[in-house]
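Asker: Sequences are here, hints too, so could you generate the full structure?
In order, the protein sequences belong to chains A and B. 1 is the number of the first residue of the first sequence in my numbering; add one for each residue after it. 1001 is the number of the first residue of the second sequence in my numbering; add one for each residue after it.
Rather than coming from a laboratory, the hints here were simulated on the basis of the structure. Just to be clear, a hint being listed does not mean it is correct.
Derived lysine to aspartate or glutamate pairs resembling DMTMM-like cross-links, with alpha carbons at most 25 Å apart [what the hints assert, rightly or not]: (1) B:Lys1340 <-> B:Asp1376; (2) A:Lys418 <-> B:Glu1127; (3) A:Lys290 <-> B:Glu1069.
Here is what each chain is made of, one letter per residue.
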Amino acid sequence: MSLSTKPAADESSASEITTTQLPSGMTVLVQPMPWLRTAAFTLSLRGGIQYESPDRGGLASMVCEMVQRGAGSYSSRDLVAVQDNLGMDRNSGVSTATVSFGSAMPAESFGEALKLYADVVRRPHLPSDQIDDARMMMIQELRAIEDEPTQRVMRRVREMQYGTRLGRGSQGTMESLTAIDADDIRNFYQSDYHAGGAILTVAGRVDPADVIRQAQDEFGDWRCNEFESAPQPQGQSGYEHIDADSSQTHIAFAFPSIPYGHPDYFRMRAGIGILSDGMSSRLFDRVREKRGLCYTVSASCHSLINAGAVFGYAGTTPGRAQETLDVTLSEIKNLPSDLEQSELDRWKVRIESGLIMEQESSASRASSLASDFFQLGRAMPTDELSQIIESLTLADVRDYWEKHPPSDYRIVTLGPEKLQVG
Amino acid sequence: MPEFKQTTLPNGLRIVAETDPRSYSMSLGYFVRAGSRNELDPQSGLSHFLEHMMFKGTQRRSAEDVNRELDELGGQSNAYTTEEQTVYYATVLPKFQDRIVDLLTDMMSPVLDEQEFETERNVILEEIAKYEDQPPFGGFERAMEIHFSPRGIGRRVLGTSESIKAMTAQRMRDYFNTRYRPENIVLAATGNVDFDGLVDEIQRRTNHWAERTASETIPPDDTESLPDGIELSTRVPTPDALQAYCIGIGAGPSSACNQRHAARLLASILGDEGGSRFFWDLIDTGRAEVATCWPQEFSDDGAWFTYLVCVPEDLESNRRFVREIIDQVVQKGVSEDELKQAVNKTTAGCIMQSERPSNRLFSIGGRWLMHNEYIDLDQSLANVRGVDQNAIAEAAKKYLLKEPTDILASAD
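Answerer: Take a look at the structure:
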């Protein structure tokens, strides 16, 4: 099987990735996609959850919100009006290690859009009279999660997997949110919004030389702070149950694995793909289709810089919850025992098709460039990734999973009754 | 440039395509006029249950074969059911066109096996239970039932646990034979598609669809009583919920109505996620977790939803805020700047959406199924840009003057 990732129009040479490091420390990656009408960027800074102090959970999110409440010569409302008029479809948010601002737009808006975001991250007003509003917004989010059983169990299992510092949610707690004040916000902004380790990725109908020139103008002289890049996770295995009078029992599980940059990553990832990607995957087929135990069951990989984990979820009515958990975990355990070539082949077609179709979306390409660079320290050209996938053998996958059987499970259930674990 | 093509086969099946040889992918979808509004009480939930069963095997393929082959073609494939249609779709690389056409078309002649039916019944019951645990805990379904009555457009898509438990495979077969006739079906394709090849293939494979006939006659519903498992209280008890969920429902434009573009822009100005009037007063200030509104269009009718989520103690004051903002727009309309901003945002969104053939598929297939009409991107953009302040003011008066019915899901 061999799939070409060459663009339909003969533009492959135009789609090479340019990587430039600015004097300030920010890395700029540009991938022109001249066949599109749009452009997109992701701006990623080292202002994630792991830099919050333990009693200020939610601070990274709160600063991410506050920098967008007015910046440069724009008030909060002006900023939104200008962005809407430029046709920017935008998003922002924090992860464990980073805070990211992304946007896709008609290509002609790109220059203005980038200028705006330079204002947001470099010249925010951080208006102290809006801190209470931003805090209330965060409290709303926190309460929303409490009403979503799936989110509740996933949030808790993540914390058990990686420990408090790297595993806790971005929303903080009632207590920590109440404690955050104007000084916390200013200090976090000063120490954690800077060009050190920052990544700007751009994809779409753009000219790389223009983008790099503009990035140099906007970010070339930004401050560069020291930062701790990869603290060690501190998770522990165990089982927790949350009592609730719900219609379903919600089951979350996790076990330690390897991160994206690890040499064995794709051997591991292919196994999880065989378990959970697609309608013929083992969990979908054997837990849902053959047994009718649940509507949703899945497992997926997650990476921090120096640690990775597999996370999974199943939701089912209480009477069938024990069987669902048992069947799901035994499918994972037995993965390497009866692997078939056709399973791996299907997974490969899925990944390769995804890579090719990614060329239809500047936003999706910009975001992949950012996560690749963050995890690997370099861009991963689509062709290279495609070759890695293609060269994987069934023996690679079997060998990996035989040598690294899942262990040290973290399990969280929410529902009327506790389950038997282990 | 994308090119529009269409034809109707002798058996009545319609085929439409927006082809673009520059695309990296192609999307294909069967759009069937089979939704909850086509069901009678004893059939409640059948369109959706049937959608699941369409993946459970044909004369030529077992259930496993169907899922396996869909995965072998990579890409994305799935199905969904609404009040008016059931859609089966896939997005694949162009080189897989023949295989996906064969597979999806074969799936449209399912065996509806008894054993598979029993297993899948459990999956449907799990799906119903799943939504019972998710905010707003069935509130949207309740709103539709109260506004439209629990029959017709107001009938819930998943059915009720009661109706699903009582369902039989024979009843499903009959429903299938009634609804999945060629005149009720559109095949749509977008992206890098060979249209002529597609038409030849489909004609060859779907001739026998015209022979489908139902044997069961179900008596009309007794509209004096409620269907099993349905109640019409505006309160949905959710004893454990922290937040209060308030759903307002009133009249809205249909997808045939010329006012729909104005109504959509009005909803954007009032209730968009960022930069709308609700946003600045209720979200930006942290008064509410969600405050939004949208017109929900059906082919011959429509609804206007308002959705508010906040701490229960703030519900009354927030409802007043929402009401004041709506009254304001009904009385004074919107400003030129607001309209310009909404138009720019909406048109940019359309342009970005249209880059993927998979996104185009649903508007093209759905529109052709319901209205026999094709609207290209430029026309869509022109429709949005053609809305002026007057049109918005008229839409506001027409749809927002009357107080909506409020459905409340909260702990007290």
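Asker: Please go over all the hints and tell whether each is borne out by the structure.
Answerer: Verification of the supplied hints:
At roughly 22 Å between alpha-carbon atoms, B:Lys1340 and B:Asp1376 fall within 25 Å of each other, so this suggested pair holds. Our distance criterion of 25 Å between C-alpha atoms is met by A:Lys418 and B:Glu1127, whose separation comes to about 22 Å. About 17 Å separates the Cα atoms of A:Lys290 and B:Glu1069, which keeps this hinted pair within 25 Å; it holds.
Hint compliance for this structure: every hint is met.
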